[in-house]
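So the sequences go chain by chain: A and H.
The numbers in the first sequence follow numbering that gives the first Met the number 0, run straight up by one, and end at 294.
The numbers in the second sequence follow numbering that gives the first Met the number 0, run straight up by one, and end at 255.
Hints listed in this document are in silico derivations from the structure and should not be mistaken for laboratory results.
Beta carbons are placed, not taken as given, at the ideal position from N, Cα and C, and that holds for glycine.
Just so you know, not all the hints are guaranteed correct.
In silico DSS-like links for lysine-lysine, alpha-carbon gap of 27 angstroms or less [what the hints assert, rightly or not]:
#  : chain 1 : residue 1 : chain 2 : residue 2
1  : H       : LYS11     : A       : LYS124
2  : A       : LYS124    : A       : LYS65
3  : H       : LYS182    : A       : LYS134
4  : A       : LYS30     : A       : LYS65
5  : H       : LYS5      : A       : LYS80
6  : A       : LYS107    : A       : LYS80
7  : A       : LYS124    : A       : LYS185
8  : H       : LYS5      : H       : LYS61
9  : H       : LYS228    : A       : LYS124
10 : A       : LYS134    : H       : LYS84
11 : A       : LYS107    : A       : LYS124
12 : H       : LYS11     : H       : LYS61
13 : A       : LYS56     : A       : LYS185
14 : H       : LYS11     : A       : LYS134
15 : H       : LYS118    : A       : LYS134
16 : A       : LYS124    : H       : LYS16
17 : A       : LYS107    : H       : LYS5
18 : H       : LYS5      : A       : LYS124
19 : H       : LYS84     : H       : LYS5
20 : A       : LYS71     : A       : LYS20
Covered by chain H, according to a simulated footprint, are these stretches of chain A (three or more residues, beta-carbon under 8 angstroms) [what the hints assert, rightly or not]:
#  : region
21 : 79-89
22 : 216-229
23 : 260-270
Listed below are the residues making up each chain.
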Amino acid sequence: MNIIEISDLCFSYEDGAPALKNVSMSIKRGKTTAILGGNGAGKSTLFLNLNGVLTPKSGRVFFEGKEVSYSKSGLTEIRRKIGIVFQDPDDQLFSSSVVKDISFGLMKLGLSEDEIRRRVELVVKQTGIESIVGKPTHALSFGQKKRVAIAGILVMEPSVIILDEPTAGLDPQGVSEILNLLDEIKQRLGITVIISTHDIDLVPLYCDEVYVLDGGSVIFGGTPESLFSRPDLLRAHNLRLPRITHLMSILRSRDSLDLDSTASTISQARKTIKHLFEENRRGGAPGEDMRKDKV
Amino acid sequence: MSGIDKHAYQSKISGVKASSKLLFSVCLMLICLAFSSNAISLLTIAVMSAATLFLGGCRPSKYLELMLVPFAFLITGVVTIVINKITDTGAALFYFRLFGSYFGISRQSLSLGVNLLLKSLGAVSCLYFFSLNTPMNSFLSLLRRRTPGVFVELMELIYRFIFIIWDEAQRIRTAQASRLGYKGLKNSMASLGELVTTVFIRALRRVDRISLALDSRGFEGNFDYLAEKEEPSLLLTGLTVLAAVSFTAIGLIERL
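With the rest of the complex left out, here is chain A (with noise of 0.2 angstroms):
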């Protein structure tokens, strides 16, 4: 069930002060999982850890139920399952040419020529850039490379693909089909994704679980919904509601609308809205009635 499981991991970068603190998080199989916090909350450096790029000071981390190992071997398979995409593709991608830069991570792996080609052609397909191949990485748009860059982890075919801050520097359009795409690469490949983010708004649209990290330790772990009906501990970590669900609950403590205060979407906004209605529109009189105090 849980593909990821940290218990109690800490780490300290060179200068001594704690990134770290008793981390930890179970990680669902199969499910989107957002990472939220501040600026310097240790979202980065937990993905890091995870992919033993960076070793844990103490606590472990285990995949798929066995240990991870920090020896040589170990790392190479834990960096072909968990897969990071970074915050800015200009980091990542290193190759100006496209195909060569998604081909990278799957020339260690022992695989025929022909296998390669055949890897990169679906994984290009997979992410819609199929009209960029050609072209010189430094032609494309920020958010083609961002493209490029998932396609580079995709080809890998891991199990675990974490996104730093994916939404972060594109245009309303750009974060959707971002976003969508992960949802797609979820649903389809059955790959674990997991974001961080300071998009409160996108939290309920995308994601099943939310882990909260504030000062490099975990605040709190659960779903959005259950995040959502606890305003003060996210105002206490420099987070918000989603604007949806503020509003809700606006319109239910202020204006003592009958509306349920953790619609967190467009959707479940809709359908509490319309509900309310149709409950007033049988109950009779319009206008004042739809006070919950009077219903």
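Assemble chain H onto chain A, guided by the hints.
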């Protein structure tokens, strides 16, 4: 993306094997240089320009513009060869007196100058054919097969990061200029210094991030990857043979 780099990626024959393009241009360049004849040089210019314009699909106006770049250097170079100190003013086509001696153009120096000019343009047109039609990536793949890996890897990384660092420098410059950083010479000097320092520091920081990203992708010290597929071009190979043979024949006949 800018200049020649852009044209190379847009060329109609950018997907053709880099080796056949290299063979075509180097072969004809060697013949052009070896015969050193005006006719062969003119032929080379004509064939290469036609190949770049029709096979590669380069815009004529752009091609002319690019050809004019070396032309400026060539003219200054040729002028100094054409105009010489003259002893026999009777044989000179044109002369003038300066500091008590005669300087001018003789028949020989003129023909030498024209020969040099045409030969250089011939060689330049060969180089332009290669560089306007061969994307850097495809050229690097070609090099990879023949040169020690570490050199090509360095070239590949440099080629990639030129654009990243250039973009960064450009953004810093804009930010400085928008706060009047380049108003007056003194300001400009100070801003430029800041820019260079900042770019350097950022490049160093980027190195850290890149090495993290490479590590997490399983980097083990060498950049192996799949070479892009390139198609052979019968047309180009045919053209190479045809041009090489006929140019050599014409050159030899001319010598007789």
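Hint by hint, here is what the structure shows:
no. : hint                : verdict
1   : LYS11/H - LYS124/A  : holds, 24 angstroms
2   : LYS124/A - LYS65/A  : violated, 33 angstroms
3   : LYS182/H - LYS134/A : violated, 38 angstroms
4   : LYS30/A - LYS65/A   : holds, 20 angstroms
5   : LYS5/H - LYS80/A    : violated, 37 angstroms
6   : LYS107/A - LYS80/A  : holds, 14 angstroms
7   : LYS124/A - LYS185/A : holds, 16 angstroms
8   : LYS5/H - LYS61/H    : holds, 12 angstroms
9   : LYS228/H - LYS124/A : holds, 17 angstroms
10  : LYS134/A - LYS84/H  : violated, 55 angstroms
11  : LYS107/A - LYS124/A : holds, 22 angstroms
12  : LYS11/H - LYS61/H   : holds, 15 angstroms
13  : LYS56/A - LYS185/A  : violated, 31 angstroms
14  : LYS11/H - LYS134/A  : holds, 13 angstroms
15  : LYS118/H - LYS134/A : violated, 35 angstroms
16  : LYS124/A - LYS16/H  : holds, 25 angstroms
17  : LYS107/A - LYS5/H   : violated, 32 angstroms
18  : LYS5/H - LYS124/A   : holds, 25 angstroms
19  : LYS84/H - LYS5/H    : violated, 46 angstroms
20  : LYS71/A - LYS20/A   : holds, 26 angstroms
21  : 79-89               : holds (count 6)
22  : 216-229             : violated (count 0)
23  : 260-270             : violated (count 0)
Of the numbered hints stated above, those contradicted by the structure are hints 2, 3, 5, 10, 13, 15, 17, 19, 22 and 23, listed in ascending order.
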